Amino acid sequence: MLTVEELARTGHRILPPEVAVAIFDQEARRIAVMSGEEFLAKWDAGDYCDEHLDATPEGRNIIHLALLIPLGRERA
Amino acid sequence: MAASAPEEAVDAFIARVQAALDGVFLLTVFGSGNRVARSHTVVFYQVGQSQPNIARLRTHGGVGELLLELAYIYAVVPSYHAAGRHTVKVEPSHCQYKILDFDGNEIVIYDWAPCGPSPVRTPQLHVPAAGSIVLGQRAGSPLAQQRTLLGSLHLPTGTIVLEDIVELFIREFQVVPRRSDWDAVLAAGRAASAD
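Just so you know, the protein sequences line up as chains A and B, in that order. Just so you know, the first sequence maps onto residues 1 to 76 in the working numbering. Just so you know, the second sequence maps onto residues 1 to 195 in the working numbering.
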């Protein structure tokens, strides 16, 4: 799998799907302490719907992760 | 900006984001995809930074520091050219610009989600760094001692584009621009985003 440094050097500006999914997984583990797949499953199941995510910094970090969800779905 | 193919539209969009951020950052911008009718996201890596979509910059002539954390979902959507040609263009579907202090604490957040679960669909500002305040009330009001978290309020703004954030850094936080023609580049980016 190409790294982002290699992609940058070669002028690629669209991430290969496997790189996109790996970035999402890395961010899910950093922010939500779970894999990208686990976060997507919880998000899709509505586990975060009842939470006022924008009321706290921790919740806003979850929103930030949610905004990266397209990365995790690029392989689909 | 309309284009004849999704690849062309996304390339132009990524180039615009790169040009705006080049005004103050040394980083590389990527798109996560260019398939039509799908959501994709902007990803960038600042040189020396292993975490995506966060960039550190020197402020106040080099003696201060701030962080920008960006989230930007875009979609490639069919468009229709007046001449009858079918075209595509890139549209934002959620933008969030977080300005953080050197340690990652939130200062202000510009947010816009034109679609999605939030009832607030217009561009908005949060000011978490302002903490909570007690709004002055008449004596006896049940709200007299209630604290209001300014970070939770959705303060309406006009449309805030990435170029506005870069200009904010240069004008208000005294970030030294990396290129002398930064204002012309930002003006061109704003014009492209309005197409």
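I should point out that these hints are in silico values taken from the structure, not numbers from a laboratory. Quick caveat, the model's predicted, so the values are computed rather than measured. Hints may be right or wrong, so weigh each one.
Away from chain A, derived, C-beta distances all over 12 angstroms, residues of chain B [said to hold, decoys possible]:
| no. | residue |
| --- | --- |
| 1 | 3 |
| 2 | 35 |
| 3 | 42 |
| 4 | 89 |
| 5 | 98 |
| 6 | 123 |
| 7 | 140 |
| 8 | 153 |
| 9 | 192 |
Okay, the calculated bits of chain B under chain A, using three or more residues with CB under 8 angstroms as the criterion [said to hold, decoys possible]:
| no. | stretch |
| --- | --- |
| 10 | 24-30 |
| 11 | 44-52 |
| 12 | 67-77 |
All residues carry an ideal CB built from backbone N, CA and C; glycine is no exception.
Are at least 3 residues of the stretch 67-77 of chain B within less than 8 angstroms of chain A when you compare beta carbons? Coverage by chain A holds here, the residue count being 4 at a Cβ distance below 8 angstroms.
Closest CB of chain A to the CB of residue 89 of chain B still more than 12 angstroms away: holds, 17 angstroms
Within the assertion that chain A covers the stretch 24-30 of chain B, do at least three residues meet a Cβ-to-Cβ distance smaller than 8 angstroms? holds (count 3)
Non-interface claim for residue 153 of chain B, where every Cβ of chain A lies beyond 12 angstroms: Given that some Cβ of chain A is not farther than 12 angstroms from that of residue 153 of chain B, nearest at about 10 angstroms, it is violated.
According to the definition I'm using, a residue is off the interface if its beta carbon is farther than 12 angstroms from all beta carbons of the partner; does residue 98 of chain B meet that for chain A? The assertion about residue 98 of chain B is violated, with a minimum of 7 angstroms to chain A.
So residue 35 of chain B supposedly isn't at the interface. Is its beta-carbon more than 12 angstroms from every beta-carbon in chain A? violated, 9 angstroms
Assertion that residue 42 of chain B lies outside the chain A interface [Cβ separation over 12 angstroms]: violated, 10 angstroms
Confirm or reject the statement that residue 123 of chain B sits farther than 12 angstroms, beta carbon to beta carbon, from all of chain A. holds, 14 angstroms
Quick one: work out the minimum CB distance from residue 3 of chain B to chain A and report holds if it exceeds 12 angstroms, violated otherwise. With a cut-off of 12 angstroms, residue 3 of chain B remains clear of chain A, as the shortest Cβ separation is near 14 angstroms.
So residue 192 of chain B supposedly isn't at the interface. Is its beta-carbon more than 12 angstroms from every beta-carbon in chain A? Given that every Cβ of chain A is farther than 12 angstroms from that of residue 192 of chain B, nearest at about 16 angstroms, it holds.
Counting residues of the stretch 44-52 of chain B with a beta carbon closer than 8 angstroms to any beta carbon of chain A, are there 3 or more? holds (count 3)
Is residue 140 of chain B truly not at the interface, in the sense that its beta carbon sits beyond 12 angstroms from all beta carbons of chain A? holds, 28 angstroms
Of the hints listed earlier, those the structure fails to meet are numbers 2, 3, 5 and 8, in rising order.
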